[in-house]
Every structure is written in C-alpha cells, then in structure tokens.
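Asks: Protein chains in written order, with the working numbering: chain A, 1 to 315; chain B, 1 to 668.
Reference listing, derived: stretches of chain A covered by chain B, where coverage requires no fewer than 3 residues with Cβ under 8 angstroms from a Cβ of chain B:
no.	segment
1	55–61
2	87–101
3	154–165
Keep in mind the hints are simulated off the structure, nothing from the lab.
Ideal placement from N, C-alpha and C gives every residue a C-beta, glycine not left out.
Okay, here's what each chain looks like letter by letter:
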Amino acid sequence: MRVFDWIVQLMGIALALAAAPVFLGWVNQCRAWLQNKSAPSILQPYRGIRKLFHKDAVIAQNASRLFRLAPYVVFGAMVTAAAVIPSIATRLPITRAADAIALVGLLATARVFLSLAAMDIGTAFGTLGARREMMVGFLAEPALLVVIFVVSLTSATTALPIIAERLAGQSLVLNPSLAFTAVAFTMVLLAENARIPVDNPATHLELTMIHEALLLEYSARHLALMEWAAALKLFNYACIGFAVFIPWGIATSDAPLGLTLSVMLLGVKLTVAGAGLAFIETVSAKLRVFRAPEFLATAFLLAVLGLLVRLLLGE
Amino acid sequence: MSFGFASPLTLCLLLLLAWCIVGLTGMVRPLSLALVGRTLFPLGALVGAALAVVAATSLTQAPEQLVLPIGLPDLPVHLHLDALSGVFLVLLGAASAGISIFAAGYFRQGEGTAPGLLCLQYHLFLASMGFVLLADDAYAFMLAWETMALSSYFLVTTQHRIPEIRKAGFLYLLMAHLGAISILLSFGILQGGSWHFTFDAMRAAHLDTNWATAAFCLALMGFGAKAGLVPVHVWLPEAHPAAPSPVSALMSGVMLETALYGMIRVSFDLLGQPLWWWGLLPLSLGLFSALYGVVFAAAQTDMKRLLAYSSIENVGIMFTGLGLAIVFAGVGMRAAAALTLIAAMYHALNHAFMKSLLFLGTGAVLHATGERNLGRLGGLIHRMPWVAWLTLIGVLAIAGLPPLNGFVSEWLLLQSFLFSYKVPHAFINMLLPLGAALVALAAALAGYVMVKFFGVIFLGQPREPTLQKAHDAGFAERLGLAWLALGCVLLGFFPTTVITLFGTVTKQLGLGELPLSNAPWWLLLPIPERESSYAPLVFFAVILVVVALATVSVRFFYHQRLRTGAAWDCGFGGLTSRMQDTAEGFGQPIRHLFQPLFFIVRELPSPFDTKPRYRLEIGDRIWRALYEPLGPLVRRVADKVAWLQQGRIATYLLYSFVTLVVSLALML
Numbered sequence: 001m002r003v004f005d006w007i008v009q010l011m012g013i014a015l016a017l018a019a020a021p022v023f024l025g026w027v028n029q030c031r032a033w034l035q036n037k038s039a040p041s042i043l044q045p046y047r048g049i050r051k052l053f054h055k056d057a058v059i060a061q062n063a064s065r066l067f068r069l070a071p072y073v074v075f076g077a078m079v080t081a082a083a084v085i086p087s088i089a090t091r092l093p094i095t096r097a098a099d100a101i102a103l104v105g106l107l108a109t110a111r112v113f114l115s116l117a118a119m120d121i122g123t124a125f126g127t128l129g130a131r132r133e134m135m136v137g138f139l140a141e142p143a144l145l146v147v148i149f150v151v152s153l154t155s156a157t158t159a160l161p162i163i164a165e166r167l168a169g170q171s172l173v174l175n176p177s178l179a180f181t182a183v184a185f186t187m188v189l190l191a192e193n194a195r196i197p198v199d200n201p202a203t204h205l206e207l208t209m210i211h212e213a214l215l216l217e218y219s220a221r222h223l224a225l226m227e228w229a230a231a232l233k234l235f236n237y238a239c240i241g242f243a244v245f246i247p248w249g250i251a252t253s254d255a256p257l258g259l260t261l262s263v264m265l266l267g268v269k270l271t272v273a274g275a276g277l278a279f280i281e282t283v284s285a286k287l288r289v290f291r292a293p294e295f296l297a298t299a300f301l302l303a304v305l306g307l308l309v310r311l312l313l314g315e
Numbered sequence: 001m002s003f004g005f006a007s008p009l010t011l012c013l014l015l016l017l018a019w020c021i022v023g024l025t026g027m028v029r030p031l032s033l034a035l036v037g038r039t040l041f042p043l044g045a046l047v048g049a050a051l052a053v054v055a056a057t058s059l060t061q062a063p064e065q066l067v068l069p070i071g072l073p074d075l076p077v078h079l080h081l082d083a084l085s086g087v088f089l090v091l092l093g094a095a096s097a098g099i100s101i102f103a104a105g106y107f108r109q110g111e112g113t114a115p116g117l118l119c120l121q122y123h124l125f126l127a128s129m130g131f132v133l134l135a136d137d138a139y140a141f142m143l144a145w146e147t148m149a150l151s152s153y154f155l156v157t158t159q160h161r162i163p164e165i166r167k168a169g170f171l172y173l174l175m176a177h178l179g180a181i182s183i184l185l186s187f188g189i190l191q192g193g194s195w196h197f198t199f200d201a202m203r204a205a206h207l208d209t210n211w212a213t214a215a216f217c218l219a220l221m222g223f224g225a226k227a228g229l230v231p232v233h234v235w236l237p238e239a240h241p242a243a244p245s246p247v248s249a250l251m252s253g254v255m256l257e258t259a260l261y262g263m264i265r266v267s268f269d270l271l272g273q274p275l276w277w278w279g280l281l282p283l284s285l286g287l288f289s290a291l292y293g294v295v296f297a298a299a300q301t302d303m304k305r306l307l308a309y310s311s312i313e314n315v316g317i318m319f320t321g322l323g324l325a326i327v328f329a330g331v332g333m334r335a336a337a338a339l340t341l342i343a344a345m346y347h348a349l350n351h352a353f354m355k356s357l358l359f360l361g362t363g364a365v366l367h368a369t370g371e372r373n374l375g376r377l378g379g380l381i382h383r384m385p386w387v388a389w390l391t392l393i394g395v396l397a398i399a400g401l402p403p404l405n406g407f408v409s410e411w412l413l414l415q416s417f418l419f420s421y422k423v424p425h426a427f428i429n430m431l432l433p434l435g436a437a438l439v440a441l442a443a444a445l446a447g448y449v450m451v452k453f454f455g456v457i458f459l460g461q462p463r464e465p466t467l468q469k470a471h472d473a474g475f476a477e478r479l480g481l482a483w484l485a486l487g488c489v490l491l492g493f494f495p496t497t498v499i500t501l502f503g504t505v506t507k508q509l510g511l512g513e514l515p516l517s518n519a520p521w522w523l524l525l526p527i528p529e530r531e532s533s534y535a536p537l538v539f540f541a542v543i544l545v546v547v548a549l550a551t552v553s554v555r556f557f558y559h560q561r562l563r564t565g566a567a568w569d570c571g572f573g574g575l576t577s578r579m580q581d582t583a584e585g586f587g588q589p590i591r592h593l594f595q596p597l598f599f600i601v602r603e604l605p606s607p608f609d610t611k612p613r614y615r616l617e618i619g620d621r622i623w624r625a626l627y628e629p630l631g632p633l634v635r636r637v638a639d640k641v642a643w644l645q646q647g648r649i650a651t652y653l654l655y656s657f658v659t660l661v662v663s664l665a666l667m668l
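This is chain B alone, in the form it adopts within the complex (with noise of 0.2 angstroms):
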C-alpha cells in the first residue's frame, strides 16, 4: 500500500509536526481542560494511530532518506525511515494512541502544571522520541534525544510543589545527561575521523577494535542509562513513581524502547559488524537486571514503584536478548541472531502495551482512591470492575502466560538460547544455556510479582473504608485501557504475523529473515528443523471449549444452586480486613530468600516495651555503595577546583594568557 502523494517519511515527518502543533494548540488557553482534555488529547491520539498505520506500511517498502536544509548553515537535518525506525514507530504511534486516549480523561484541574502546559511538554514529548527514531545523523539525534529528556524531565515534575518530586525529577535530569555525554561521545568515535556525523559516514568509517569497543561501551553506558540497565537504574524506581500515570506509561512504555532502539542502530547498523563479545556485557548486565528489578519489585509496597522496577526487569530481559544477537551474529550464526534480535524487539513492542496498560491501571485507581500505597488498597475489583479486567489482561501478559503478548517473547528467547551451546567459544559455550535458567527464574518471579500486584490492590476486602466509595475510570480513560488490552491480545494470538513484520527488520540488518513461510499463519514455527511449535489461537481455542464445555455439563448434569455466605472465620467471628496478608507479608519470602541484594534496616519491638513499634526499611545496596559516596567526592573535587577562583583580575587575565599561548602553540 502506498500514499500517492507523499513518501511514509514525509508523511511521518507531518505527523510528529502535528503533534507539535497540538502541543502548541493547547498554549492557546493553557487554563481550559475542555480544550485540552475534550480536544487536543483525542487529536493527539489520532494522529498517533495514524503514525503507526503509516510505519506499518513503511515496513513493506524500501528505506528512504530525506534530506532537510534546516538548522545551521551547512548542517542540513538527516532523516530516514528503514524497517528498525519503522517498527519502533509503530510502537510509538500505537502505544501512544491509547496513552493519548487515557490521558484525555486523566488530567484534572488543579494538579501542578496547567493543562495547556502540560500538553505542549506531552506533545513534545511524542514528537521528540519520533525524532530520535528518524535521525539519521548525530546532531539531529542528540538534538532529539535532549529535548526528549527535557520534556519529559517537566513531565515528570508536573507537581512540581512536592519536594520528593523535585528530587526524583533532578535525579532523572542528571542521569539523562551522563547517558547524553556518554552517547555523544560515542557519536564522537564512530564518526572515526572523518568528522562527518551522519549515521552513513559512520557506518562508512573502519575503526580499530579497540576504539570500536570503547564507541559500543560508551553507547551501552548511555542508551543502557535511559534504559534503566543495573547500576544506571537508579533514576528509574524515582521518576516513575513522582510522575502523573499517562506521563509514567510513556517513560516506561515507550521511551525506554528508543534506548533499546539506539543500541540496535549502533551495534548492528553503525558499527557495521559486532564482536562477538561485546554481547557478553549487554547479556550479563541484562540478566542481572532482570533478576535485580523483578526481585525488587516484589519488595515494593508503592504500586508504581513496583512497576518501574518491573521495567528494570522488562529492560534487563530485551538488552539480554540484544546481547544474545551479538554473540550470535559476531560468531556468524545468523539465524540465531535473527531470531534472537526478533525477541528483543518483540518484548520492547509487548512491554510497550502491557506496562502502558499497567501503569493506566494504577493511574485509574490513583485518581479513584487517591492511594498510591498498596497497604491501602484492596477489594476494587467490585467498585472498580472495568479498569481491574482490563489490568488483569495486562498482570497475565506481563506475568509471561500463555496465550497473551508477553509469553510469545519470553518463548522466542527461551528458544534461541538453545542455540548458545553452539557458541564455538569454550566456556562460554557451557555459560550461556545457563542464562536461559536466569530468565525463566525472571519470568517466573514476574509472575509472583504480578499476583500481588493484583491481588492486593483489586482482590480482597477493602483495607481502608474510604475505598467504598471508589468509583470506575470514566469513557475516555476505560478506552485507553482497551486498546491497550486488544494490543496485548493481538501481539499475543498473532505472533507470524508480528515476526513476518520484523523480518525486514533483520533482513536489512544483514542478518537474513526467518523462514516462517513454511509453516500455516496461525502456527509460529520459528526454526523448522527443531519442530518446536506455539499455536496461540489453538491453544486458547482448546481452553475455551473445555471451560464452555465444563459449564454447560456442569449445568446440565447437576444444578447450579447457588448460596452466598460469610467466608469461613474458623467459627471465631470478627474477620477483618486487616487480617489479610498485605503487601509487604507477600514480599517477605522473596525479601527473606534474596536478602544479600537489599540494604535492610529493622527496628523489632522488645517484649517491654510499652509502645511497640516495628519498623522495616528496605534499601538499594547500589545506591549506597555507588551513588551515596559520589556526592562527597563531587564536594570535594569542587573545592578543589574553586582554588581557581582566586578573585582577582590579574589572575583571570593570565588564565586567559596562557590558555590563548597554548592554543596558539597547538595550532602551530
């Protein structure tokens, strides 16, 4: 399908300005919701599904460049559109859409930033992480990604009153900027000489080995950054929490995508070919934050903390397939790194729907209850009933369960680690099946982190009276939470369809497709000789007929008499909702089995005293043994520096002196 009277990176193009233009719109009336909420977000979220229609079809066609003499004289702004931008936008264009969607209903007077403000930082937002998907050259991508990181910074610190999220929103700034520094420098190496920085003088320049490892490790230290990699983490469990829910989905849905996106385009596209180990550090440090995030999440009692160390773990799982694809394409397997990148990228589209629709979800019940801590929630599945089905949709794909979106990638990795032991490299050969052990012990810790998250906030009794009173998401909020849902539902049930799409992707990597032709459309059967095969639709279909059958013959055969009770109180009287087990009794095993990961401080009552009190705090050992110390040593170095600063005019002159003799020394 093609659109006569333009390109797809034209029409692109138009659709990121669109969504300036809407931001704009809103500083029209900053003050008026109803232009904001009724209009602007609605339109937003339009053109949103209409960017990912058209990366849809951009997909089939080859890529294209397109030059734009704007910006300084002699620095025209490089842009293309290939399959990898493609696919990325369309996450862009249809996540967003049904963030958009909610977000119409979301914002509320009265809360920080004035709407019309807001919608222009969240339209910029949008527009920014479109522009990083089509730069083509280092400055229009670094120009992008800054003003990525500034307006979501100003999202984040939408309620900008609040010290913690200043604090949270400054941590963010800075981490954003060493990942900015550290990228730009990478930009710096690759371009190897040549001092063009277009993406094509780079992949055209030949570095050495040793300055092509220090371009990939800068860029995994800047991408991994705003990808929230362990140790660069820390920012993440912080910034998610303070910002509005829309805002929160966004960060996690989608812009830490664009991080897995720019490692994509530097380590298969700009580098050329990748070294085999150089997949090792992107793979351990992917497996340590999968197992790092999930075990974490399962400590936290803050329901967005939970999630954002949820997308540590989401993170951690798409960069150990990224590391994966390394190894295998630098040691020559294609296939399996076809296969493999495939799995990558299909989580960080999954992620993009399930933890949107999650991080919705705890929007909803935050705008319902006004609680945020799980130790108030409970029971609101009966005041609540749309947004909890439609979250559960969200915990069971995120949990990894078949036959939704989020068990297809998990599978697909699992998968292409049974080709590691073919990895002709001993030891490593014998080290890498074992991280497929790792990922399933993710994946199945996902799920556990999953029950609870679920379970005590919509399960239950209500553990606080106020909750009675909490009402469902209004129309525009609940159609946000259903595409998102659908999305889950269709990544889960079509995967051919989903990987044919990607194939361009690997293909024009260099990395082949892979052969699903062979196979009918509803049985993925990704590597035909191994026979191993996943039927989503067969395999609900059968679900659904047992379960229809077992009602009707439960029916038919018997009664359906039906009595409602108190739930048994062993015969004591006086349950309460305080009995149930709340959030930190659930994490206490993982907490208890995984103790040497956290920095607990607990204060236990003595048998006399009077006032007992109980106090447990659960801490991050990094951020202690690696932030903590930073700050003094930054002080100090300060000091240091300020012997500079004499404050005395002669003094600054001979600094001026001598900085120009030098240079005029270099010059010469």
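Isolated chain A (complex conformation) (with noise of 0.2 angstroms):
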C-alpha cells in the first residue's frame, strides 16, 4: 500500500495548510468571545491571506535576496514540518526522515531565516523583532527538546509517530512527569506562537511587540507566506502536542476507517485546544519583554523538574 501512504500523507499535508488558517480563526473568535466583542468569521484568515496575494508587492529599497527568500523558507520549513508530525497517521513515508529532535532543529531553522529576514533591511523595529525573536527561540527551543527526552525515556524513542503510537498503546495513568512536561510543552507553544504572555498577536505597538516587528517590511504575498506559516506553526504545535500527550486516535494503521475517525478526533482536540488558548490569553496579562526570559526560564525548569521526576520514578 505505499501509493495509499503517498496519499494519505499529501492529504495530511493538504489538511494541514487548509485547516492550520481555519484554527487561527477558531482561536480568534474564541477570544473576542471571552471578551466580549463581536467575533470575526472563522474564515478572517484565509480572507486575509487571500487580499494580501492579491497585492503589489513593496519591498525596501536596500532589501537583498535573502529578504525575498526567507518567506519561501519559512513556509517551506512549516509544511515539512506538518509532513513530519503524525496529525492523523503515524505510519507514513515522510515522517521518518525527521524525528522529533530534527522537527525542533527544523522549526529552529525557520526562526532563524525570519530573523535575519528582519535584519536585512536595517530598520530599527526589524532588528528589534530579531534579537527578541531569538531570545525568546535560544530559551525555548532547549525547553522543548527536555519535553521530548522525557517522552523519549518514557517510550524509548526519539521518533514523533513512534512515540505516539507507543503512549497510545499505554494504559491510561496520570504520569507525574508528563503533568510537568505538559505545562512546560505550553508555555513553549504560547512564547513560540506569540501568543499572549509573551507577545501580543494583535498589536502593533513598537515597544512590545516581537513576532509583529519581524514581519513589519513585508507585504502582499511576502507576508501572506509569512502570516501563513504562522499559522502552521500554531497548529503544528498543537499537533506535536497531541501527539505526545494525547496520542488517542491517531490512525496507526491505513485503514480508511481509522483515517476519518482519526481526522474527526482531530477536529475535537482542536477545538478543545483552541478554545482553551484563548482561555489561558484571555485571563493572563501581557508580560514585560524583560519578564520574557524567566517565563520561558520556568518552562525550562518545570521540563528539567519532568525529566527528574522521570528519572526519580523510573519506569
């Protein structure tokens, strides 16, 4: 069946880009829910992404080549990525070229292009957004590889699918060690995400903004790229999320059954997990760019706590 797994794995991808702008909307709308504005339509990104391919493209004067590159990249970084993460299917052909310690480089990778992206044309806000982008990146990206080494002890596997099907296979305890890396694992994905307590996706004030300030000197299709790998971004963390700590429902096999019932369980634990990110950004304030480092600090250590109390408890 390996054309089938061609398949399905193209239509991980192809549901991945579709639904990445779609779980933007659903947060947003939860939001402005929670604080009681009037919600935009689930589809305000896809509307978004749509205007901006349709503009002129404006790029700086002294932009060079890496400039026009990086979103390319970038997105190009995000949908490997989405290939790689079992959303519906662990037995695929593409995930085993990464496993989860290449998906952290891989996602590290495209920090990197966005930030010399925003270095290149030597604005003020660009250079800002890039040393507070790699702040933030060089404290959580350890963070989350502790996260992964203590699921890898616990399922004796650095491999993301693997991993997955083996928790899966488990029966269901409250692991002490997972409750730790749980809360490690978002507070990664809100500072990673630019979401609230460490930036704020909805601003475009200078002094706090990071991931705003690094996408300032894009337009058009540029920034539609952008805005979209965002968007992937958000929700391929979401998967690794699922994948690791509630694994139940992914298809481990390519019977077509499984596949949709897989695809419907993650329809749920989206919308669950959307819903409860707006939550967390509803009731938690903005935190002061210097406060960053030791939010991402405690994720840090709440991860190493995991990976002791792993170690402390044995199998």
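With the hints as a guide, dock the two chains, each given alone in a separate frame, to form the complex.
Replies: Below, the structure is given as structure tokens:
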C-alpha cells in the first residue's frame, strides 16, 4: 500500500495547510467571545491571506535576496514540519525523515531565517524584533527539547510517530513527569507562537511586539506566506502536543475508517485546544519583554523537573 | 583501493615532507608574493587534498607501523597509521586544502612577516600537525607537538609590530607550554616504569588506579589547554583575533581538534580501559565550556573574538562527547560509547569545516573593509555576495540547523545522552541526562550568536560610509570558501557514509561498530531498536519541493508584481543606519540573563553631564580570579628564589659541591 501511504501523506499536508488558518480563526473567535467582542468569522485568516496575495508586493530599496527568499523558506519549513508530525496517521513515508529532535531543528531553521530577514532591511524595528525573537527562541528551544527527552525516556524513541503509538498503547495513568512537561510545553507553545503572556498577536505597539516587528517590512504575497506559516506553526505545535500528550485516536494503520475517525478526533482536539488557548490568553496579562526570559526559564526548569521526576520514578 | 607502490603511511609521510619542501621553497625568494601566492599555497592545498584522499583510503586497511632510524642513536622515530589517526588526517588534509587555497589570495605585501617566511611557518605548522597524528612514541609526539606550538606562535605574531598582538602571542606560548609540560608528565607516568616511551610500551604498561588517574588528569590538563577548555581557555580569545584569518582558521579548525585526537588516543588507546568516573571530568568541563563559550560569544563586538569564543563552545561539545563516551565505555556500554565517541569525532570534523569557513569569511570582510569591529560593519551582502552567501552556509551549519552538518553531530550527541539513564550508578544516571538539556541550551544559544554574527556583518544598512567601497573576495578566496561550504553540505547530507568511516575507529578502539547496515544508505538509523531516524536528503528534498511549489503556484495563481520603496519609518522620515540594533544591543539580553558570568564595568552618564559618555566593559571573571593573581605570585616566588644568587663565586662553588654530594648519595 505504498501509493496509498503517499496519498494519505499528501492528504495530511493538505489538511494542515487548509486547517491551520481555520484553527487560528477559531482561536481568534473564541478570544473575541470571551472578551465580549463581536467575533470575526472563522474564515477571517483565509480572507486576509487571499487579500494579501492579490496585492502588489512592495519591498524596501536595500532588501537583499535573502529577504525575498525567507518567506518561502519559512513556509517550506513549516509545511515540512506538518508532513513530519503525525497529525492524522503515524506510519507515513516522510515521518521517518526526521525525528522529534530534527523537528525542533527545523523549527529553529524557520526562526533563524525569519530573524535574518528582519535584520536585512536595517530598521530599528526589524533588528529589535530579531533580537527578541532569538531571545525567546534560545530558551524555548531547549525547553521543547527537554520535553521531548522526557517523552523519549518513557517511550524509548525520539521518533514522534512511534512516541505517539507507544504512548497511546499504554494504559491511562496519570504520569507526574508528563504533567510537568505538559505545562512546560504549553508555555513553550505560547511563547513560540507569539501568544499573549509573551507577545500580543493583535498589537502593533512598537515597544511590546516581537512577531509583528519581524514582519513589519513584508507586504503582499511575502506577508501572506509568512502569515500562513505562522498559522501552520501554531497548528504544528498543537499537533506535536496531541501526539505527545493525548495520542489516542491517531490512526496507526491505513484503514480508511481509522483515518476518518482520526481526522474527526483531530477536529475535536483542535476545537478544545483552541478554546483553551483563547482562555489562557484572556485570563493572563502580557508580560514585559524583560520578563519573557523568566517565563521561559520557568518552562525550561519545569521540563527539567519533569525529567528528574521521570528518572526518580523510573519505569 | 591501494597504491601498489607504497603503503598509505609512507604516502602520508611523503606528503607531509612535501609540505615542508613547499614551505622551504618559499624561502628561496622570501619577498616574492607571486611565488608564494600563485604557486606555493595552491601546491600546499593540493598536497592537503591528496593527504585527505590517502588517509581516507587507509581507513579501510589494517593499521601499520613504521620505524625511522633518525634522531638520536637508539631512539628511532616510531610512526603508525590507524583509523583514529586516519580520520584526523582526513580532517587536516581536507580542511587545510580549502584554507590554503584561500590563503593563496589572502596574504598581501607589507603586512608584518615576509611572505616567504610566512609560507615556511604555515606549511611547517601543517606538517607538524600531521606528524602529531602519526607519532607513535612520546619523543616524536612531543617534538611534533612543540613544532606545532612554535610555528603557530610565529604565525599568530605575524603582525609583530603591534604590541597587543605580541602580548597575545606570548600568552599563547605560555599556555601552550603549560599544556606541553602536562602532556610530557602524563607520558612520563604512562610508561609505567618500563622507561620505554613508545606508545606500544605504554599500552602494555600496567598502571595502578591512582597513577592511571594522574596520567589521565595531566593529559586532560595538557590537551585541554591546547583545545581551549575552560578554565585554561584564556589564550584562545586573544590569539585567534591576533592571527591572520587563514591562520585563525587553521588553529581553530584543525589545531584544536588535534587536542581532541590526543585525548582520545590517551584515554581509549594508551590507558586501555578507562575508568567510568574519569569521564565525568571532561564531561562537566566540556558542558561548562560549551555554555561559557557561547554566552561570551554573544557578548562580543569583535567578529573574530566572537568566533574564538564560539570555538570554546564547540570544543566544549566535543569534550562533552568524549567524557560521556568514557563513562559509557567504563561501565561496559560499548555500543553507547561508540555512538558518543563518533558524535564527538563527527563534531570535530564538522567544526573543522564550519569554523574555518567562518574565520575565512571574516578574513575576506577584514580585507575588504579593514574593520573587525561589528559596530562598524553592516549591509555587506550587497557588496560581497559571494562571501555573504558562502558564510551563510557556515552560519547555518554551526547554528546546528538541519540539514547541514552541525546538526548531525549534535543530533548524535543528544541521542547518546538518552542512553545515560542506564548507567548503573545512582545519582549519576539522574544527573547525566541533564547534560543533554545543557547541550540543547548551548546549541540554541549558538543560533542566537550566529544570527548576531551574520545579521550585523552582512545584513542591514552599512554602518559606515566607507563600506560602500567594499569589494568581493577574489577568485582564490571564493574557491577556498566554496570548498569548505561544500564540505559542510556534504557532511550534512551523507551522515551514514561518514559514520561508517568512523566505525573503523571505534572498532579498532575495541568499542565495536554501529549497526548501520540494516537501514538504507540515505537513512541515518544509529540505534535500530530506538527507531529514531534522520534522513537529511529526504528532509532537504521535501523543503525544496515545497519551496519550489510555493514559488511556482504563487506566480501561477496570482502575479509577481514587485515594487521597491523606502523602508517604513513610521512617517517621521530620517531613518539612518545608526538606528539599527548594534552588536552590543544584540548581546544585551544574554548579558542581562547571564550576568553572574561576566565581569562588567559600567559607566552611565548622569542627567547633568555636559558631555555624556556611556562606557561598558565586559571582562572574563576567570581571568580576574585565576590568572591576574598569578603574575604577582610568580614575581614574589622569583624574588624569594633570587636569594640563591649571592653573586659570590664561593657560594656557587658550594652549590655545585652540595649537588655533587647529594647525587652521589642518591647513586650509591
């Protein structure tokens, strides 16, 4: 069933591409409801992307090729990540190309290109954003890696699909180390996706923004790709979280019924996770930029604590 | 493959001699830049490439030994070539080929040492590193080791008219000799009472635990000083910026790795079976060095100093791997030890390519602009596209990003850390996995440092008007950079091939090979039961396909209209290059977070200053705590010892008499 595997793989990528903006729209909608605002349509991110694709691109005079290349690289990295993460099925052809550590490396590649592109124009905002993005990244990345170590110790592999399979096969017990790491992972997710305690996706206030500062010089199709990549990143992080912490339901064979069920379960998980994310964002306040390292250091230490608990408790 | 007429060892020896001859030829017309640049350095590069090929073919063959009856009577020179030497000879040959080609276009007239003399020192340096790798007895090893230190000292002080450079060179020489003495003492212990200083005799010697531990610690001290392990790293950030860029590249890319070679040779070969807890020392020093180096790299404003600190980080990662391998080997986890040792050696090979590439890139920038200070660079990607894009490959590689080579070795190291909870010693098996967290932190910080390095030099707007006149590197320099960049890409794309070659090393060291054969060649699957796999080619292909599809479909479905305009200035106008973030600014979050590591002197202007001045000085705490008190201490001891010099003949005769009596008493 090699051909069928590839079809499922491509379907998974297409699903990620299609579902990512909707997921973002859902989070925004929930947030608006929770904050007593009139909610935008769930398809609003799509409309934004479509509008941007139709516009004429304007780039700064001293932009180099790196600036024009970066959106494609970032988008490519995020799509590749979506192909590697077992969102609907575990035994897919491309998933073997990268384990969880390589996945973290892939996300880091996207971040480095994003930061380099922001530095390319040489405005105050761009370089400031790049500095802050890298500051968030260098703490979030090891925290994510430690989370992966904890899970790897439990499942004796670093391959994400096999982690999902082995963890789904275990009986449902509350694992204290996984509880620590789940909290750490959520914190990393918030920071890496420019969500509220660390960054505010809805602001353009210079002093506080990180992600928007990086994109300030982008317009039209480049910006559309960047926005889409950002939505994909959130989707990917959510799927990593599902694969590691609630892996039940991800199809382990390529039976059509299992796949259908898996897609539906993914929808349910995303709905709940999106609402949860909106809730966290509503109840917490934006941290000062200087406090962001503390937030992430907490995430890192929580993950390390999870590792210690895992080693203390043994098998 | 074999070379019918001569064995690989003889060929290697001939190639090293060829280097010496190339160097000596430079002295025929020491001032002729044409001879040195156009003929000798390219020849040296060819010799390097040939050495890499010969050494690579020797990996598949049995180790061989050779005894040369030169030197003192009854003390012939022993040489041997086994897989461990072979791997590091490949590193030396391949990296030096790129560096020599670059150097052919780099050295110019009128800069300190005459070109011919420089050529001699340079090739002597190369040849001595080769002899270090081939030496099979302590005499030959120390001779080559000292030649390496001295020739590199003269290379560092090429610009000897500048006092800072003389000072940096002196510090380097001092630390090199401190290290050499430690290594000498270590060999003295290793011979174990047989008084034969061949490596074979050392392998056969049986040492009790205390003596073996002492030998190991002395070797670690000696090789660590050469490698730049914290706290004996102080020479490195001084010497690397002082040296001309190709020399910095050689020192950082190859010489530091010979120290790793020495450490592997002593701990896995000469000492036989290492004790597991020895490994904790290089492991903890390595982890500390990795973090310390990268944190300091983030705070630097001189581009070559930044790279020097980054070298400390990478050396730290290599020694972390070595330490972990010793722990695994000591408790009998052979497969894990093999994997970890391969990760360390792979990182050494990677570092040779990526760090040389970066140092050469800074050399090209230095030539084009005359500026080493990051605060006066910027926007060079427009004026120097070749250097910028080739350097970008090195930057991405050293930041540990897939699918380039830096990632592979870090991946392997992290994989091997996952074995560490199985070490059968309580507490240790819980602390070891935390090392992985530190490695991950150092790797992520390396990304930060490299974004700073590349972004500030090549991106943004030029911070000085003179940068508009910068010119791209010449043909030879581009070729050298491209060779090293190609190395970074290939080492990243074909990890299984490289690891198979390393497998012969671990097999000869008695650790066994990795079971790679049950996976297809493009898939790296070092631990089959773990099912953790990595396929850089597939990985890269998928990214490439997505990027291509995205580009094509955007063009097909929409349009490709593009306008250029001024950068967004919030409507105020007057955006200047001074408004960009500076190197100091980029390092600020790290300085803030890791404040305890730094010694910071800060002068802030008060609001009433008529001429406000802001000064910030960042110092090394270890230098202040450990080395600065050393100078007065030495002086005080010297003063005490000076009492011996009474200045009267009678006293000196008395000394001779006492010495004679004491030695007679000892003899009888």
